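Protein chains: 2
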Amino acid sequence: MVRLKGFEKLRSVDDALKTFLREAKPKVIGREKVPLNEAYGRILASDIVAEIDIPPFDKSLMDGFAVRAEDTIGASIYSPRKLKVVDKDFVGKLEAKRIWTGNPIPKGADAVVELERTRVLNGEIEVFTQVAPGRNISVKGEDIRRGEVAVKAGVRLRPQHLGLAASLGLTHLEVAKKPKTFILSTGDELVEVGEKPSEGKIIDSNRLILSSMCRELGAEPIDGGIVKDDLAEISSAIKFGVKKADMVITSGGTSVGERDLTPLAIEKLGGRVIVHGVAIRPGMPTALGLVEGKPVIALSGNPVAAIVGFELFVRPLILTLLGASREHRPLLKAKLARNVASTLGFQVFLRVKVSLTSGEFIAEPVRARGSSIISSMTGSNGYVLIPPDREGLLAGEEVLVHLFDDVGVEDCLES
Amino acid sequence: MVRLKGFEKLRSVDDALKTFLREAKPKVIGREKVPLNEAYGRILASDIVAEIDIPPFDKSLMDGFAVRAEDTIGASIYSPRKLKVVDKDFVGKLEAKRIWTGNPIPKGADAVVELERTRVLNGEIEVFTQVAPGRNISVKGEDIRRGEVAVKAGVRLRPQHLGLAASLGLTHLEVAKKPKTFILSTGDELVEVGEKPSEGKIIDSNRLILSSMCRELGAEPIDGGIVKDDLAEISSAIKFGVKKADMVITSGGTSVGERDLTPLAIEKLGGRVIVHGVAIRPGMPTALGLVEGKPVIALSGNPVAAIVGFELFVRPLILTLLGASREHRPLLKAKLARNVASTLGFQVFLRVKVSLTSGEFIAEPVRARGSSIISSMTGSNGYVLIPPDREGLLAGEEVLVHLFDDVGVEDCLES
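Residue numbers (the numbering used here), protein chains in the order written: chain A, 1 to 415; chain B, 1 to 415.
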């Protein structure tokens with residue numbers, strides 16, 4: 001009789017992740033300087049501190065005339081004030097200078113009258129409105145003051161951050177180095193993408209999926225290939241991986257069968273399996289370990305279970321190695337379209353398709369029996385985590401959806 | 001007296017976009033074949049039709065034993081059924097074969113008994129449960145059937161789409177070619193990123209922002225540099241741009257002042273200004289035109305107004321050139337944290353910071369007087385479009401937020 005080791009204890013997702021992060025103590029990999037036009041999507045590694053004021057000078061918010069506010073007191077459409085149009089660096093008493101949006105305010109002036117509130121005569125203007133000092137002026141440093149933290153470290157850089165950095169006079173930014181992730185698949189049944197699988201074989205799509213997910217987050221995947229269901233081979237692949245990379249991600253070979261080899265390989269290498277078995281469906285056999293101090297994450301071989309394991313464990317780990325502020329998928333509240341059964345004691349990763357129908361967000365659960373049903377991922381745009389103390393969710397119930405794709409909109413948004 | 005041309009008519013955002021798309025008739029640029037591992041984020045140009053079934057064979061969803069369901073009738077913990085363990089390709093009457101998740105179901109068998117519902121003896125097993133035919137089996141073609149459209153053209157390819165394509169035996173995908181966008185800034189006051197601006201000059205951050213926004217969508221920006229406020233120079237830059245690229249994006253020089261040169265340049269080149277002036281704040285002076293049949297989009301010079309113009313007009317245009325299904329920013333409903341004033345007759349692009357606080361989404365309006373306040377973009381994670389028939393929004397009101405960044409979460413999400 002073959003002795004089959006069971007999972008001694010299933011941990012909750014939260015407990016598994018916290019325990020692992022506490023034991024693994026993952027550290028930020030390092031930082032590097034990149035030019036602004038290559039910094040998009042990278043994680044900012046140190047605060048951007050403004051060395052100048054923005055705007056760098058008092059500037060006009062409107063096309064119009066720079067004036068002394070006191071000269072407009074009492075002005076109205078019935079009682080316009082006449083000012084002399086000048087073209088010098090100084091606006092004196094009863095003078096006005098033509099100005100466009102963004103122009104510096106000339107000395108002497110303390111307000112801008114909008115063009116449409118004036119009438120331009122020969123060398124003069126009529127002003128039809130009274131303006132207060134500061135009117136239509138953006139004051140030096142109003143947007144960002146010198147010495148202020150303009151963007152905090154940990155932010156994923158978006159176009160507006162780059163624009164702000166450029167406005168502050170910067171040409172380069174310090175960003176987090178990309179963590180290297182070594183990705184391998186285990187399984188005698190696997191063939192490479194592009195090969196024609198013979199009877200009983202399947203194409204290994206997991207490496208492609210997991211490496212794309214790594215790139216999406218800003219990590220740099222290294223392909224570890226397909227490894228046979230053999231303890232020695234898996235061990236040497238993991239050993240190679242921890243030398244080459246900051247983290248090893250395997251898929252396959254984690255279920256509690258005779259082929260449960262990856263956790264064994266971690267131990268054989270003198271490493272430590274910190275978590276094996278998580279109360280999540282799909283993704284239950286996920287294992288989290290350490291070899292030579294580097295994380296080795298063993299995901300299930302089923303594509304959807306592997307995606308779930310990545311989402312819940314690898315994603316936060318990569319973000320930690322990047323020093324990223326905790327990033328959440330966009331969240332929304334939606335009404336569940338129909339009843340869904342769940343499993344007591346397990347969190348269930350329910351794939352849903354959210355759409356905006358007649359002003360309401362509706363989350364339609366995507367039917368999926370097995371965790372290998374990859375079309376359940378391509379057919380959904382988000383997921384709901386059903387808590388372990390629920391036997392299911394009810395139609396009409398409000399659920400919190402984590403979005404990984406845009407929301408379908410049935411009716412016109414703004415019209 | 002200088003004659004100042006006003007905007008004859010401000011169009012609503014919706015009307016402006018529809019009119020422009022109707023006149024411009026933008027077409028998909030073209031398609032190209034790329035390997036799967038380079039297809040992430042690209043727009044699928046033709047449907048992926050399954051040429052095989054997924055799964056390609058009946059397979060097990062569990063670790064356990066493949067059996068004939070009829071042999072388990074009446075089995076229970078008190079009355080187990082004994083089956084002979086075999087290791088051949090066929091499961092006969094009263095036989096069982098060891099099987100792991102993902103394995104093909106051997107001939108003769110029509111169900112799988114989970115390992116934990118059996119006891120393994122010497123060459124035999126005891127089965128403690130009755131299983132129905134099909135139990136724990138994923139049937140050939142259950143996920144995707146041969147001939148079925150697995151992924152529709154127009155989708156932005158995400159990791160799971162690539163995995164699905166790989167599972168279907170594909171190595172390459174047809175994706176939309178990247179539209180080329182020629183991006184230039186106009187303004188005598190502008191200096192290049194990295195230059196030290198002298199008094200009254202400002203650093204041109206718009207090209208950097210707009211080119212990052214183009215890349216984010218999957219377009220390929222071409223840098224058109226800074227062009228002086230000179231009709232001839234602007235005209236020749238645009239002329240050059242429409243030769244080199246599929247679209248020209250300018251910023252600056254669109255307000256109705258003496259420097260309102262970009263729309264004039266479009267006309268000078270024999271092109272057509274289709275929209276000039278949109279009832280949106282900021283972004284009012286946006287102009288949409290055509291030169292030699294190619295879109296020329298003139299955005300305001302203020303960074304935030306340029307971003308708004310890009311979001312509302314360039315984004316849908318690029319998506320059309322890519323043949324992308326209409327993509328919406330992730331949407332959510334949130335409670336407005338405080339009163340906000342608006343302008344009757346204008347849509348207002350209100351920047352907000354959404355967070356999830358005590359289970360509620362709260363949208364905090366980000367203070368911003370001028371449209372040049374770039375920190376209002378870096379400090380927000382979404383926007384609300386205030387309709388033109390509202391003078392403002394009230395604290396506590398439910399608003400629809402378009403998210404461009406993740407949501408801040410104040411309290412623990414799942415615990």
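In case anyone wonders, no lab produced these hints; they're calculated from the structure.
Remember, predicted model here, so these are calculated numbers, not experimental data.
Certain hints may be false.
One copy or two, it doesn't matter: identical chains are merged, so the pair holds either way.
Straight-line alpha carbon distances no greater than 20 Å define the calculated DMTMM-like cross-link-like pairs of lysine to aspartate or glutamate that follow [to be verified]:
#1 LYS201 <-> GLU142
#2 LYS333 <-> GLU398
#3 LYS335 <-> GLU292
#4 LYS25 <-> GLU142
#5 LYS333 <-> ASP405
Results for each hint:
When the C-alpha separation of LYS201 and GLU142 is checked against a cutoff of 20 Å, the pair qualifies only between copies, where the shortest distance is 17 Å, while the shortest distance within a copy is 65 Å. For a Cα distance limit of 20 Å, the shortest separation of LYS333 from GLU398 qualifies both inside one copy, at 6 Å, and across copies, at 13 Å. Neither within a single protomer nor between protomers do LYS335 and GLU292 lie at most 20 Å apart by alpha-carbon distance, with minima of 46 Å and 49 Å respectively. For a Cα distance limit of 20 Å, the shortest separation of LYS25 from GLU142 qualifies neither inside one copy, at 41 Å, nor across copies, at 43 Å.
Taking identical chains as interchangeable, the C-alpha atoms of LYS333 and ASP405 lie at most 20 Å apart whether they share a chain (15 Å) or sit on different chains (17 Å).
Going through the hint list in order, the structure does not satisfy hints 3, 4.
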